[in-house]
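Engineer: Keeping the supplied structure of chain A fixed, place chain B upon it in accordance with the hints.
Given next are the chains, with one letter for each unit.
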Amino acid sequence: MTELEVKQLIEAALPGARVEVHDTTGTGDHFAARIAAPQFAGKTMLQQHQMVYQALQKYIHGSQAPIHALSLHTSVLET
Amino acid sequence: MADKATLELIENHVKNHKIFVYMKGTPEAPMCGFSAACVSVFQRMGVPFKTFNVLENEAVRQGIKEYANWPTIPQVYINGQFVGGNDIIQELYRTGELQKLINA
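First to last, the sequence lines map onto chains A and B.
Quick note on this note's numbering: the first sequence kicks off at -15 and runs consecutively.
Quick note on this note's numbering: the second sequence kicks off at 2 and runs consecutively.
One or more hints might be untrue.
[To be verified] Examples of chain A residues lying across from chain B (beta carbon under 10 Å, computed):
id: 1; residue: 28
id: 2; residue: 30
id: 3; residue: 33
id: 4; residue: 37
id: 5; residue: 41
id: 6; residue: 44
id: 7; residue: 48
id: 8; residue: 51
id: 9; residue: 53
id: 10; residue: 54
id: 11; residue: 55
id: 12; residue: 56
id: 13; residue: 57
id: 14; residue: 58
id: 15; residue: 61
id: 16; residue: 63
Keep in mind that the hints were calculated from the coordinates and are not lab data.
Glycine residues also receive a C-beta, built at the ideal position from the N, C-alpha and C atoms.
Bound-form chain A, shown alone:
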């Protein structure tokens, strides 16, 4: 997968979020994402990360899934 694809998937699930995605190994399967989203307000880190994993479910689960690792840094985006 590309950084752009991952970014777009997150943006689609969290409209209004500021998203940065970085391919950490250059092999299209290990990513690090920094996400600031208004939807994270009032949520624990755990809940915030789970929201992101929900959005990318199809691409993380299963042995054929393209994403092997996804490092996350989440924060609340003050609007």
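Structural biologist: Same frame as chain A, but now just chain B:
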């Protein structure tokens, strides 16, 4: 869908140890950078913790993803509760929250 025996095994792991980490490899020979980083936090804190090498048991490897509703490894449980993966542990460690959780 994880079978009953696997779910019971996971339940026993997390309820019977204060700090339980599902990781790839072992603390002495971690097989993944995130698993290694996660375990090193507890080693640095000098707190006792137990780990399980998911590479040795595919049923557990998949079962824990269902159990915690979390798709990646490592997975850390403290006081029987799922706390998060490496990113969360690093952040909690940085802010001092992790020590508080362990002291609870």
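Engineer: All hints, please: hold or fail.
Structural biologist: To see whether the hints hold, each was checked on the structure:
1. 28: It holds, given that the least Cβ distance between residue 28 (chain A) and chain B is near 9 Å, below 10 Å.
2. 30: Cβ of residue 30 (chain A) sits 5 Å from chain B, so the hint holds.
3. 33: Holds: closest Cβ of chain B sits about 7 Å from residue 33 (chain A), inside 10 Å.
4. 37: 5 Å, holds
5. 41: With Cβ-Cβ at 7 Å, under 10 Å, it holds.
6. 44: 4 Å, holds
7. 48: 14 Å, violated
8. 51: 9 Å, holds
9. 53: 7 Å, holds
10. 54: 7 Å, holds
11. 55: 6 Å, holds
12. 56: Nearest chain B Cβ about 5 Å off; hint holds.
13. 57: 7 Å, holds
14. 58: This interface hint holds because 9 Å falls under the 10 Å limit.
15. 61: Violated, because the Cβ-Cβ distance from residue 61 (chain A) to chain B comes to roughly 17 Å (cut-off 10 Å).
16. 63: 23 Å, violated
In summary, the structure is inconsistent with hints 7, 15 and 16 from the numbered list given earlier, while agreeing with the others.
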